[in-house]
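A.B. asks: Here the protein sequences line up with chains A and B, keeping their order.
All letters in the first sequence, in the order written, are residues 1 to 248 by the working numbering.
All letters in the second sequence, in the order written, are residues 1 to 410 by the working numbering.
Derived by calculation from the structure, the hints in this document are not laboratory data.
C-beta atoms are modelled at their ideal positions from N, C-alpha and C, and glycine is treated no differently.
Treat each hint with caution, since some may be false.
[Said to hold, decoys possible] Per the computed footprint, the stretches of chain A lying under chain B, defined by three or more beta-carbons under 8 Å from a beta-carbon of chain B, are:
| no. | segment |
| --- | --- |
| 1 | 82-89 |
| 2 | 146-160 |
[To be verified] If you anchor each label on the Cβ, the simulated ranges turn out as follows:
| no. | chain 1 | residue 1 | chain 2 | residue 2 | range |
| --- | --- | --- | --- | --- | --- |
| 3 | A | ASP200 | B | ILE112 | 55 to 65 Å |
| 4 | A | GLY133 | B | ILE373 | 20 to 30 Å |
| 5 | A | ARG70 | B | ARG90 | 30 to 40 Å |
| 6 | A | PRO6 | B | SER109 | 54 to 64 Å |
| 7 | B | SER315 | A | ASP200 | 48 to 58 Å |
[What the hints assert, rightly or not] So these bits of chain A aren't anywhere near chain B, every CB distance computed over 12 Å:
| no. | residue |
| --- | --- |
| 8 | TRP25 |
| 9 | THR30 |
| 10 | GLN64 |
| 11 | ASP123 |
| 12 | PHE169 |
| 13 | ASP200 |
| 14 | ASN215 |
| 15 | VAL219 |
| 16 | CYS221 |
| 17 | GLN235 |
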Amino acid sequence: MTTTPPPALEVRRLTVSYGTRPVLWDVDATFPAGALSAVVGPNGAGKSTLLRAALGLLPADSGQSFVEGRPARAAMDRVAYVPQRDEVDWDFPITVREVVEMGRYRSTGWLRRVPRADRAIVDESLERVGMAGMGSRQIGALSGGQRQRVFLARALAQQAPVLVMDEPFAGVDARTEASVLELLRELRGQGHSIIVVHHDVVTVRRAFDWALLLNVRTVACGPVAQALSDERLAQAYGGVVTEPAWAA
Amino acid sequence: MGGLIDLLPLEYAESVVVIGSAIIGLCAGVLGALAVLRQRSLVGDALSHAALPGVAVAFLVTGARDAGSLLVGAAIAGLLAALAMVAVERTSRLRPDAAIGVVLSSFFSLGIVLLTFIANGDDADQAGLDTYLFGQAAGLLERDLTIMAALCVASIAVVALGFRALKTALFDGSFGAAAGLPVRALDVGMTLLLVVAVVVGVRAVGAILMVALLIAPGVAARQFAGRLALMLPLAGLLGAGIGVAGGLLANAAEVPTGPVIVLVGFAVALAAILFAPGRGVLWRARALAHARRVRRREALLVDLERAMHAGPPPSEAELVLATGRGRGELRRGLRELRRDGLLEHGERLVLTEAGAAAAHALLERRELWSAWIAHGHRLGITDAREPDPSDLTRTLTPAELERLRELSAS
Chain A
1 MTTTPPPALE VRRLTVSYGT RPVLWDVDAT FPAGALSAVV GPNGAGKSTL LRAALGLLPA
61 DSGQSFVEGR PARAAMDRVA YVPQRDEVDW DFPITVREVV EMGRYRSTGW LRRVPRADRA
121 IVDESLERVG MAGMGSRQIG ALSGGQRQRV FLARALAQQA PVLVMDEPFA GVDARTEASV
181 LELLRELRGQ GHSIIVVHHD VVTVRRAFDW ALLLNVRTVA CGPVAQALSD ERLAQAYGGV
241 VTEPAWAA
Chain B
1 MGGLIDLLPL EYAESVVVIG SAIIGLCAGV LGALAVLRQR SLVGDALSHA ALPGVAVAFL
61 VTGARDAGSL LVGAAIAGLL AALAMVAVER TSRLRPDAAI GVVLSSFFSL GIVLLTFIAN
121 GDDADQAGLD TYLFGQAAGL LERDLTIMAA LCVASIAVVA LGFRALKTAL FDGSFGAAAG
181 LPVRALDVGM TLLLVVAVVV GVRAVGAILM VALLIAPGVA ARQFAGRLAL MLPLAGLLGA
241 GIGVAGGLLA NAAEVPTGPV IVLVGFAVAL AAILFAPGRG VLWRARALAH ARRVRRREAL
301 LVDLERAMHA GPPPSEAELV LATGRGRGEL RRGLRELRRD GLLEHGERLV LTEAGAAAAH
361 ALLERRELWS AWIAHGHRLG ITDAREPDPS DLTRTLTPAE LERLRELSAS
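Work out the full structure, taking the sequences as your base and the hints as a guide.
C.D. replies: Right under this line is the structure:
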């Protein structure tokens, strides 16, 4: 007998405001386990806010969120969160390896040195994102694509089943985007659930399983073909989205 | 402390100043560096200005100029100022810099009013309270040193113990919060540590200028250290050095300690900003100038090579006309090429054999780079290598280069 696993992330009636203006209004969304899911929507749709509020990083006015069926706050050890790249100071005095090691702190304890077994996990994570041998570099000397890889390696080092990434493809070169996407598919194949804020509808349609189409409220949430139908997209983007001919 | 004072080859009073300034600088260097990295340097300024009314009130309450109680007053006022800044920032729509400005100036004004009030009274004990403005290391007592050292050691121990948590919160608070770190509490903790640094130093350095000793060591240390685990100890050492040098100089010249420490700190920070290898302004300017010179020289080489194929070798004047270069720039470039044996001497510009070979190699490298831009994505390189535009052969393997040539030929 098989049972359907609970969704990787579920949000119920989530409302979030900045000041008095609601940026998310009564949002319901489900992201199935083991799927590559995208959060899509126009600028100001509340995509990043949704993820941050769902993970308890922002206070919500109302609503609940669940990770693998448990209240999100109690299940954060199951989640690896990758913030937007421009949120951090890239001139910070730190090496690539140290950033990735941060992924181990939670499980090793914040006050301890990182044990040898965990250092091996760090090496492996660097290797998987194609940065083996670059561990001793200063983060300030990296390109945008390399920085995104470092963030992904840190998330891999957390070894959490749910991976939540905020705009990992904004401002990275095509080569990085292709190899990161390939890696995400590989992770999905190994049973990870991946949720990505993505600005590029074309890529999402081509490479993702599931999508939440968001514009302050939920416009659609489901398998990509249904959630991102032309009709739905027009609804979310106010009829201004057009797909370039070469993408057909 | 007594033993340490005896060890120094100095007079008793000077030894006290040296040890005191070292402790103050160490403490301010390490804890101030955290504020610099948090981009909250000016919070330290507000906290040290806020120490002034704290000292004044403590004097009014206890009626005595006892360093211990005055510093408790400074600490309480610092905490209130920190709270006030957070409150102003969260409840009003003021930005952090404005909140800092408002809090700093109001606390400081209150301090000045209270100090004037005390000075106008007939309390004989009040003399010297105004040294808290600009600082006077000479006023330190041996028993003050013990308290200062204890505070300094305790706060640095806290930083060492919470090092990984602090590093994570400083670098990437969102990630830290998601990974279960109490980021807000750490933020408060770092502000409290800053209050400790101010309390330790304000007596000797003064409320007005304390901020310099918090910032300068961190700024200088960042220029040399690429890792937080190196930057913090280095900031502590530099801070101690700046403190001792400033304290001794001020003592010898009989001027207030604060300004002298600040001038020393400024000199150290400026030197680091200018000369630090790799990050220093001069260093980077030189690297940039070198890169520009190489590019110019390469462009000239390519032009000469093209001219050789286009007809009879050009003269200098013809090349100026043909390429639109400035005459002076061209002369410099030609002189360089001749010096390196790439160009024949003579009226007409003819590349030597070595010059032609260099030009060919260069053209080949450029072609390769063009091929990379056009076809690089088809090589299917998945790792994070960033190709070097000046020479692709350094980043790609021979097999990849071969494939790239095939792709661009087809």
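A.B. asks: Broken hints, numbered, in rising order?
C.D. replies: none
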